[in-house]
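S.K.: Given the structure of chain C, go ahead and fit chains V, W, B, S and D onto it with the hints provided.
Chains as they are written, first to last, in my numbering: chain C, -3 to 310; chain V, -3 to 310; chain W, -3 to 310; chain B, -3 to 310; chain S, -3 to 310; chain D, -3 to 310.
The set of hints was computed from the structure by calculation and includes no laboratory data. As the structure is a computational prediction, the values presented were derived from the model and not from experiment. Watch out, some of these pointers could steer you wrong.
It does not matter which identical chain is meant; a pair holds if it fits inside one copy or across any two.
[What the hints assert, rightly or not] For lysine-lysine, the following DSSO-like pairs were computed, each having C-alpha atoms within a straight-line distance of at most 30 Å:
| hint | residue 1 | residue 2 |
| --- | --- | --- |
| 1 | Lys78 | Lys265 |
| 2 | Lys151 | Lys78 |
| 3 | Lys39 | Lys151 |
| 4 | Lys198 | Lys78 |
Each chain is listed here by its residues.
There are 6 protein chains.
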Amino acid sequence: MSELTYWVNGDFVPASQAMVPLTSRGYRLGDGVFDTERTFNGKLFKLDAHLARLEKSLRFTRIDPGMSMAELGRISEETLGKNLHLLEEHGDFWVTQTISRGAGRNLLESGTAFVSVIVEPLPFARFAPFYSQGVHLVAPAARTSAVSGMDPKLKATSRLGMVLADLESKQTDPDALTLLLDEQGNLAEVIYGNLFLVRDGKIRTPGGRAILEGVTRATTMELARGAGLAVSECELQPYDLYTADEAFVSTTSYCVLPVGRLNGSPVGKEVPGPLTRRISEEWNKLAGLDIAEQMHSYAARAQAAAQPATAARG
Amino acid sequence: MSELTYWVNGDFVPASQAMVPLTSRGYRLGDGVFDTERTFNGKLFKLDAHLARLEKSLRFTRIDPGMSMAELGRISEETLGKNLHLLEEHGDFWVTQTISRGAGRNLLESGTAFVSVIVEPLPFARFAPFYSQGVHLVAPAARTSAVSGMDPKLKATSRLGMVLADLESKQTDPDALTLLLDEQGNLAEVIYGNLFLVRDGKIRTPGGRAILEGVTRATTMELARGAGLAVSECELQPYDLYTADEAFVSTTSYCVLPVGRLNGSPVGKEVPGPLTRRISEEWNKLAGLDIAEQMHSYAARAQAAAQPATAARG
Amino acid sequence: MSELTYWVNGDFVPASQAMVPLTSRGYRLGDGVFDTERTFNGKLFKLDAHLARLEKSLRFTRIDPGMSMAELGRISEETLGKNLHLLEEHGDFWVTQTISRGAGRNLLESGTAFVSVIVEPLPFARFAPFYSQGVHLVAPAARTSAVSGMDPKLKATSRLGMVLADLESKQTDPDALTLLLDEQGNLAEVIYGNLFLVRDGKIRTPGGRAILEGVTRATTMELARGAGLAVSECELQPYDLYTADEAFVSTTSYCVLPVGRLNGSPVGKEVPGPLTRRISEEWNKLAGLDIAEQMHSYAARAQAAAQPATAARG
Amino acid sequence: MSELTYWVNGDFVPASQAMVPLTSRGYRLGDGVFDTERTFNGKLFKLDAHLARLEKSLRFTRIDPGMSMAELGRISEETLGKNLHLLEEHGDFWVTQTISRGAGRNLLESGTAFVSVIVEPLPFARFAPFYSQGVHLVAPAARTSAVSGMDPKLKATSRLGMVLADLESKQTDPDALTLLLDEQGNLAEVIYGNLFLVRDGKIRTPGGRAILEGVTRATTMELARGAGLAVSECELQPYDLYTADEAFVSTTSYCVLPVGRLNGSPVGKEVPGPLTRRISEEWNKLAGLDIAEQMHSYAARAQAAAQPATAARG
Amino acid sequence: MSELTYWVNGDFVPASQAMVPLTSRGYRLGDGVFDTERTFNGKLFKLDAHLARLEKSLRFTRIDPGMSMAELGRISEETLGKNLHLLEEHGDFWVTQTISRGAGRNLLESGTAFVSVIVEPLPFARFAPFYSQGVHLVAPAARTSAVSGMDPKLKATSRLGMVLADLESKQTDPDALTLLLDEQGNLAEVIYGNLFLVRDGKIRTPGGRAILEGVTRATTMELARGAGLAVSECELQPYDLYTADEAFVSTTSYCVLPVGRLNGSPVGKEVPGPLTRRISEEWNKLAGLDIAEQMHSYAARAQAAAQPATAARG
Amino acid sequence: MSELTYWVNGDFVPASQAMVPLTSRGYRLGDGVFDTERTFNGKLFKLDAHLARLEKSLRFTRIDPGMSMAELGRISEETLGKNLHLLEEHGDFWVTQTISRGAGRNLLESGTAFVSVIVEPLPFARFAPFYSQGVHLVAPAARTSAVSGMDPKLKATSRLGMVLADLESKQTDPDALTLLLDEQGNLAEVIYGNLFLVRDGKIRTPGGRAILEGVTRATTMELARGAGLAVSECELQPYDLYTADEAFVSTTSYCVLPVGRLNGSPVGKEVPGPLTRRISEEWNKLAGLDIAEQMHSYAARAQAAAQPATAARG
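Isolated chain C, as found in the complex:
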């Protein structure tokens, strides 16, 4: 059987049959939260840290998931297990928990939440070229949401603000990652990732005010400190990124990628820079595999698999 299996509100169902009611608050209002982990060699990585953040999202939005995070963790492991036979060579998975508020009209008594766990193959082919070239960051005019309402620390399913920012930069360069500034013009975050830069041998990253507090970001800071590197959280501006010695971004899926350009200008003197390479090595040790190598192998295999078909057409 080649279809992925999801867990939806208590049942395991084939991916293609996983549905939510049209009138759910999740669909009509974006009234939900989620979190996502990846696997290394098919094993979930930092699940507890992600569930702890998910629990904060639930408390902040006052959604009652109807189960403990420990239980949701067990369900996640079980769902992963049901999909492991579909893991491709060199591939790995994303596992995502999504919880949206119950459908009751009355906000304070909205009833049972809608909970799901899904498993998806990581899109390695897309990321592979960036390990050597670096990513292109484009900062659109749109800003992060203001902290007094929809705090960027919340991992919500109401993400249209980010989609709009993404459209502005991607219509400019479809391969760009979108860099968000906060309401005061400070560097905030990359959509679905965090930003780090290096100046005078020290690593700096925007503080926790207007960003998602990435689990990969925290792990990266720990790894850097463990390797004897100085890391500080502070307010940074576009000037700091334009003039950085090197820069990189971090996220759950690709872990760490070097930055190559910012709004069309080259960033840093070498891509990847020496500290970016150092951090990547630490990540490889922790993950127990060569992350970039895995992506390249996967991408090569995917291309090879596609070749014959193309050749046949030729």
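M.R.: The following block gives chains V, W, B, S and D in isolation, referenced to the frame of chain C:
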């Protein structure tokens, strides 16, 4: 048959079977837009104005609905027609079009949008008491979203920011409507509605900068001007509402309701105030029925229907 | 004699006869500053730190008190001495120095300041229940004053901005304490107090930018560090308080109280939380008495004293 | 008898004996509001408009004055009557109503307000030279208070923010009037007055967002329109004042004064400018006397009265 | 003689020999102002309006040009006259006055200003294609300068902020025009031009708060009103431009150009839209020539002139 | 020969003949950057640190200087060498590198930059009195430029915003230094310098967000730490400066000067304060001369040189 019928991506289905894929961008990202009309005596009111606004929402979010607004209008009328036999005595309907972006991972080629039209009975019993008492507005600490990202003029399905604001005021008073200030502390809007106030015989309403440009708001301004009343759009602050001679809110469902209190303090000298009553009369003429009367009749009927059961228990 | 004695511009007078001219700048313009200490077992606590802050308030407002802080300290002790015989069982005092600018019309030559020292019994009965239940914090829409004018670090007698914020939250819940956000939506302070929260075993408190730099806050940070706990000052948002492991507030009178709810939602997993209890114990050691116990005893005594009267009426 | 008489909480008392309790909320917290009118030829001018604004201040601050505005108006007239025999040649009076919240500790049940009406001679000698030279406006770094807390439209006794701004400009030039910008850098108001400027033959004045809505401002706009001049309210910046054809300020006491300089730079081509003169003439007609002439006469008389004494000393 | 002639501080000099001292405040500090007019058929257009704005720039920056604007106007006409023989077929000129502050170290006594008038051919070939395709507007993350310092209404030679914004959008699309938002996320202006949009048959343009008040903008508004079209100045956001029926930009050189795209998305339903065409016709009447036609003819001639050379090389 | 020699785009020229084209982007747009060092005893101080900052300015503005910083350093030393024979007794030099973008109309292909190195005598006579009296800081209403456009960290030749701020404070007091607040009302920097203040024995200075990161500021922090003093970077407000124990400013030319007054009010208890004196001693050690002594000697010599001439006139 007593179940409502929805139109979902080309098919008419019973409400209880209307579903969207769990992995749709609408559910995972709140990446969609919608609009809602009401009926008077079972006939759709101002459908064209609502579809024109929906078209703007689509252009702003760059979602291609795969059909013209004229076609969506015809579908809406047809869907309404299939539900008219379920219209309760004194009741009326909401009709809602929702369009979420196609599920493709690539934002710029996201494929066919997911389109639905649903019909729901208006919750008259909830609004009925407010026609005489006025609503209680509570302004939470959270503000409207900033215009540089997620413009409040967009009618999006990413509404968690508003849900969070609503939670803050409703945990304080479950019957309150939530009043939002904009980032600069000006009065902006009521969640799902617009605000008007009266000072020295003139009607004022917050300008279009940080609000949803309500169809009912526009109609109310036209009716007021038609009745010889001065109406202006301007920047207003909480001071203006605390010291207003009278105030009212407008929205698609209840049309116009007087404001009774603001953060626990009485607003105005009389509830409803004389201009609020005047505007309500103009609305009744336009709607072809007595809007408050309809709500009270409906509420009375609903209560009467509930009574025997209760009595039986007694 | 059972009336309290105040020191007013050089003279000791009975409280009921302590007056200021109607045309004083203090009454007409709120053009004054003050500071307040409490006693433990009838002895003034941290008087010097409070006078040092008062001196800063005077320098910032360019009011000349016409005496040194040392002299004002001696007067304060003397005024306290004249009232000690009125100290109730389990009770303690507040001592407040208030200085308003002289009445001259010319701001730069406003003449002799108006100086007073007053003594008031601490309102223990009001605070007693909060030690076990925690306080309910409500954040109104109003923000702290902007730092570019009326810096929140100044302890001024122009407090109507705070009164207005207090009205908004207290009309919602008369027992709430009012939590203020700063102009950027960060957590700032509780009216008449400071906020602390705990995350991952570490204590965090808003930095000094937009808050009164509480003497009790500084003492609490010293006590925590002395007890081996990590404390940091940083920018925090409502998200951080909604998702905190525990939280507490500090002020001169009650020292430290746990937070129970925020805008109607429970805060933390236990009230008081383990670090709040730990800090309270350190405070008890420093104060030389059990602060919560004192409040409860006082409240119990006050209730007992009231009972017979009530009983007599019954 | 040469002492002024005040009305204080129900009694007429000599000015020197008018007192408020040291512990009143008015003195300790600046928790009060006020309004001020002037007389022309000993008759109160625009009393009703000032009382209407005072009533708004009371509603916004939720202070119950314990009497109607009509009653307070009668008391004001009566208090003025008791002082008319003290009116100096060419002189006129200010009459001020001040109301501070009752002294109860509980904000929501603060008890009887403290109400006073006082009468003071207008300080004509100070203003006289400005009618020909123009005033010097100095804009300090401090800004108006933010509208989301302490709205500048409120006429409160918590005025330390304004005092601090005044100190900054007056320590620079003791004769300057202080010009406040709002939080966004727009021109707001002059402390105790409003600003008007002329560009291309049209009068412009900052809109009502972040200013006290002056009764004299409203009257000036009416007079200008009555004289066929265009007047608009809009957002203006320092650029507009530096480059204005002419400018003037308005307030209750001096009515209208030309602006001569801004931060040391000359403003306009002629002082007073032609439209300023035109507006002044309209004011004279309305007031029934030549306002500038009155001030000069008064100042001359005051100087003459002082001369002999000085001569005697010589 | 084929070289352009400039007027520099009193002398006519060949363009290639026009120099300023390296230590001038204009070069070291950008401490200067300028204005630019175009010719139609070799005649200066709206010179007086441009000189009036230049005079405002001088007053705001407190630079004394050492001559009247009338005199500078005569010099400008004379300089133009000396260059008219160089006017190409279908071509027209830009004339620019630049005035930088004298070189004295003491800011308040900086001595004689440095004044120049230069003449340059209009770059018609660059603009020609935009009349039919419309321009592509790209909004970078950088914003206009804040009004409280460097007001955008000032036409200053300190333009690096604009150059930086331009770099961000042009590195993305070298043919884009840069659209600036103000500090609050409102639409402000296009670098070197102003923005207009059409909604429901009415023309809207950002108000004067954070923009250069274009002479061409003012003329366009007059022409539109003269043609019976409604024009209003108001706060507009990116939403309004994304959803506009049509849009155009105005500036001194090209007068009016339609907008084709915004951040990669098409704007309006037709390019140019019907009102843009209408306004262009009015401009043609006022200018006494067909502006687009002139550009196309010039561009065609320029291309034809270039052809033989290219052919010869082939 | 008594004229200074400059290096301009490859050639050594007498100062009076150093020119830039009138149409250079440097003159017309302020499109350039610069940096400045001083000498001690005729030797360049911290040249490398200044060139490193200049390189950041070039990268941020995307100007290609056409040479390495090492080469520019050699040219700077050589230019200094050609001027050393003009060094006056007790005097020292400023050396300034300025680079403006090439004159091409196309921003992305602007061609060869315009590079210059100039040498100027330090204006010691102006600074000498401040070592004992302290400087007077005046904060105008204008703010620093916003970080989202023209980041204050950039050392640009577009400085009109600063000139305008300087005009406001200097028209008030011609001897004042101008203190800039940032957009949020925090203390930012002194024009051409940085601010430090002392509180409770610890040195504080505004963090790097909205300031030029002074080389002298960095050196001062190193010297202070080397001397065992605590130094922290943080957000500070005017309150902190009004109430500081002492304060000083730092810049390349005068190194460190005490603050005497802020907006007319005295700052600190002693001028210079004890830590300011301590830091000055460390600077003297590093510079290898007594900096204040040098200034006084130079000023005395300059005055003596001027005396005979004056006397002769007498």
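S.K.: Hint by hint, say whether it matches the structure.
M.R.: Here is how each hint holds up against the structure:
no., hint, verdict
1, Lys78 with Lys265, "neither (46 Å within a copy, 35 Å between copies)"
2, Lys151 with Lys78, "within (26 Å within a copy, 40 Å between copies)"
3, Lys39 with Lys151, "within (23 Å within a copy, 41 Å between copies)"
4, Lys198 with Lys78, "neither (44 Å within a copy, 39 Å between copies)"
The structure does not agree with the numbered hints 1 and 4 stated previously, though it agrees with the rest.
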